[in-house]
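Going by this note's numbering, the sequence shown opens with residue 172, and the numbers climb by one from there.
The hints are simulated quantities; they were obtained by calculation from the structure and are not laboratory data.
Check before you lean on any hint, since a few could be wrong.
Result set (EDC-like, lysine to aspartate or glutamate): computed pairs, CA atoms no more than 16 Å apart in a straight line [claimed, not checked]: (1) Lys268 <-> Glu309; (2) Lys363 <-> Glu393; (3) Lys290 <-> Asp278; (4) Lys808 <-> Glu775.
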Amino acid sequence: MAKVVAQSHYTFGLRTGVRNNLLYYDEQTIIFPCGNNCVRYNIDQKWQKFIPGTERSQGMKALAISTNKRYMAVSECGEKATITVFDLQHEQNRKRKVLTGGEIPVDEFVCMAFSPDSKYLIGQAGGPDWTLFLWMWEKKKVMATVKTSSSGPINQVSFNPQDNTQICVSGNGVFKIFRYAGETLKQSSTFKTDSQNFLCHTWISTEKVIAGTETGQLMMFESCRLRWETSVASVQKVKSQSEKQDSNEPSSTLPRVTAIVGYSSGFVCSAGPGTVCLFEKIEEDQYKKTKDIKIPPEVFSNDPSSAEQQEISTLCISPSEDTLAASTDCGQLYSINLSVVDLAKGDHAHFEYLSQSFHSSIITGLSTCIRKPHIATCSLDRSVRIWNFETNDLEMYKEFQEEAYSIALHPTGLYILVGFSDKLRFMTLLIDDIRTLKEFTVRSCRECVFSNGGHLFAAVNGNVINIYSTTTFEDVLNLKGHNEKVRAIAFSADDSRLVSCGMDGAVYEWNTLSGTRESDSVLKTCSYTGVTISPDAKTFFAVGTDCTLKEIQNSQIKSEVPSGHVVCTTVAMSRSGRAIFIGTSTGTVRVVKYPLLIQNDWLEYQAHAGPVTKMVITFDDQFLLTVSEDGCLFIWKIIDKEGQGLKREKELIYTEEILVTKLDLEEKNKKILDLSTRVDELQKYNKHQLSLMDINYKNYINELTEKCHQQISSLNAEKEVMKTEKEKQQAAHVKALSEILEKHDKELQDMESANNQKLMLEYEKYQELQLKLHRDQQECEQQLHSMEESKTRALEEMMQSYEAKLEEKTKLLNQFQVESQKQVQEFEEYIKQVEVDADIEIHDIRMKYEQNLREEKKANSMLKVELDTTTKSFHGLQKEIDNRNLEIEKLKQEVQKLQAVIKSLENDITRLKTEIKNKDEIMQDKEKSILDLNKLNTLLNKSLEVMKHKAEFMEEEIAPKDSQIEELKEQMQEMEGELKEFHKTNTQLELKIDELNLKLKTKDKEIHKEMKKVQDFGVLVQRFKADLHTCVECIQDPKRLKENIRELYKCYVQPSDVVEKVKVHTDIQRENSKQRERYEKIITTLKNQLSRDANVFQANNTKLMKHNVVLMKEINDLRQELHTVRMQLHNYESQSNFNKNKGSPNTRGAASAGATGLMTQQNSEEAEKIIQFQRLEIHRLKQEILGQTPSSRTKLPPLAN
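Please build the complete structure, drawing on both the sequences and the hints.
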């Protein structure tokens, strides 16, 4: 038998308290922490991949992603703080390296950042030392460390985006820039920021950094100076808030800038609760706020403004800078398209949920059903949510006034049971709401569950278990026996047994029919937190505070599996009985094979960041569901080690029924009717407006045609005038050109002679300067050579003198050591002889030698001071050499400037030559354009004649199309007649059905009367039994018995009644049988008629649809042809009118063509109106057909026997 394995499938939730907890991997994929895992989520395809955390981790602290998006770093707490680097391009996201603080003790790494080339990583350790580490992470080598702060927390660290050696650190009263040089991190710039608490920062360029503070200030620093400063809140807002609040709390009104991120055209930052501001660059050091992006209010919340009060914790922009994503301190993910923000009207835009809305507090309840792929959860955030584990979506969500402690989903998935702090509520799941159906007076119900059949539900009320009926809501049983609170309950597969465990260390088995306790197991040293039952209902499994899993059978603990000093909180068993799943207080999930083994054999998975509160397995054994105090819901796929799912006995088919109230349906139907009437009114109004518009446009077209004729005639006259002016200007232009060319030649000759003279002078100056440079360089080199020789000599002399002194001192030290050794030996011999005197003399000698050593130390320190002074003088000489080098560089720069002047003069000469060439080319282009215009005039005259012939041909083709339109009209009328006949037959059939329904209702009333008679007869029988019982008491006294029997006979029996009842019973049976047979025959005939009519109606409907499709195609073809004819006619008229002369025969022909064009336009407009009218009629008939189709699926009321 293969081993059962749990594979992480999907999760809902976000882990808060992690720095930089939202990252973009690519355009469609984001990374965020959930529980003790990092999730890679594809936004478009909605799949998830998991990167598990390390074992025995006490929680994540920060995330960071490299600039090439290949590596991700995760900071975690534990016995030692670690940073794990993952390779995201690997299929399984394998670990690359694990970094630690080495010998320096570190409790946590607060924030991290990769270098621009992804080779280095910085990590900021927490307090009290606040040490910054720089690693070459691939070699796990610590390059440098530095203490960044003494007291306040550090909030963010980052690299310069184009410099690996420059690092920025910001925090409370800290804003420092460090530079890595010589295996150390040195502070390169200081800012006076003691009064500010910097929460975040971002690099805008290689030298500019923008930082956000706790008081809402934005500051831009560049090269140790504050260049720009602004506040994210306007003065008016701050004033209005300060008026509302007390004068003692001015800082509470200011928004906090908790997150900031830069992009190509500016930067984005948070501006207090639920608000993000977009800033764009205006000038070099100026930015302007362009838009506010806000978190929208929650629709299903009791307090919609609560969503707007969320604090933004992280902001990130996609690689293409199209999308902005944000995470909040309440564990929600939002996103917005930045192109939509630019197009949005007003000053505000709104975020949207990136995936779904998540729980923001501890999840206290979890349940699933049989008939639907639904999961129900409740939380201390006062919300109840319904999830779909097939589509991985949030189906329904609602917030309430009270906190929810437990939840149970009915097996049908249509009802829900929720334990609130004040009451236990039985609720219905409607299409768009969760409504309360019944309330029970059970306060703070921590555990509730439906039976597998759904006919019962159990609720815990302190140490009592109440069992209710789901149909009548009656309290069926009260199970009392626990001394303390009950923590878990579970029904057996056949609902005949219920198992409970409590804090009193007791596990009880109850009979749900009688309410008796059938078995018990009590262990007072353990407080149980979870219990489950095996599929055969013979074995129970319980977990508690004693860190063991107990197998209980026949009221005895059969076996125990220790969990290794980890408290187990919940337990669940698969319905196949192959595996047991355990949730622990550390957030892990364990899979234990069943039957249990002696040794500790389990598989452990990293899941949540807090204790697992609930655990449920779906009915088909395919998924394991877990929730925790971290507010996350995990869905695990249960598979074999081979990767296949567990075998199912039967395939589950999920239903799609949804409950809808009658009021909601009626309201929607009313809305549909109102909207349909409104549509009809608007259509009529639009038709009227269109007709008016057509009339106005016709008048306007006529006016325009007249104006066009007038303008064409005036333009022709202007054209002739322009031609004459053009010829005159051409002649003048030729003369001017010849004069300009002559002047230009003379100026060129003058300029060349003058420039040649200037060049000669400049060349002579250049040679003189070169000679000067050569002389200066030789002198400087000689001086430098002499200075270096003198310095080297002085240094050698100093070194020799100091070495000689050092040798003398070392010799003296050696001599003193030799003498001291001799004296020690002599004193040892002397000590042996005289003990008392030796102690005193040794003490004196020690004192003397200590003084000598001190003097020698002082001499050594003096020598060190002298060495320092010599090194300082050496550095001073080096500075002088550097200054001389700077002077030489200045002279070189002057030479370069002179060379630049010469080049600029040469460029002026070339520029003048190019201007002359350009003017020649412009003259040639103008001549070519004149020739092209002449050619165009000839081509237009030819095209006019061609268009005249085309217009005549199109008029001949329009005539047969009109006849086709008339034939289509006749076909439409015939189809309307057929539709009317169908309507008549349908109305007749409906009348017959109504008559039959009335007859059935009358028969039902008669049956109800008979039922009432039977009930009355039953009451009489009960009375008669009671009277008989009194008679039986008098059995020993025959007289009294006889009298009582006579009284009974008088009260209850009459001879006429007996005879009539017998007759009535026989007649009723005969009539019932006859009527039943007759109604059955009628129903069968009606069913046959309905099926026939439905088939006929479907056939006719398909015919009509086919005809309509053909007609629509023909109408569209006609429209296209009409459009092309109109365009050709319009072009023809415009070209003919443009080229015609006043009073010429061509103008008369064009006028006649325009008249014919107007006639064809009018005919085509009338045809279009007819087609539109027929379309509307077809649409109306279709709606009537759909509305009057007989519903063959309606069921008749059942016949009474």
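Against the structure, the hints come out as follows:
Only pairs whose Cα atoms come within 16 Å are accepted, and lysine 268 paired with glutamate 309 is accepted, the gap being roughly 7 Å. A C-alpha spacing of about 14 Å is found between lysine 363 and glutamate 393, which places the hinted pair at or below 16 Å, so the restraint holds. Of the pairs offered as hints, the one joining lysine 290 and aspartate 278 is violated, with about 25 Å between alpha carbons and a cut-off of 16 Å exceeded. With a C-alpha separation of about 15 Å, the suggested pair lysine 808 and glutamate 775 falls inside the 16 Å cut-off, and the hint holds.
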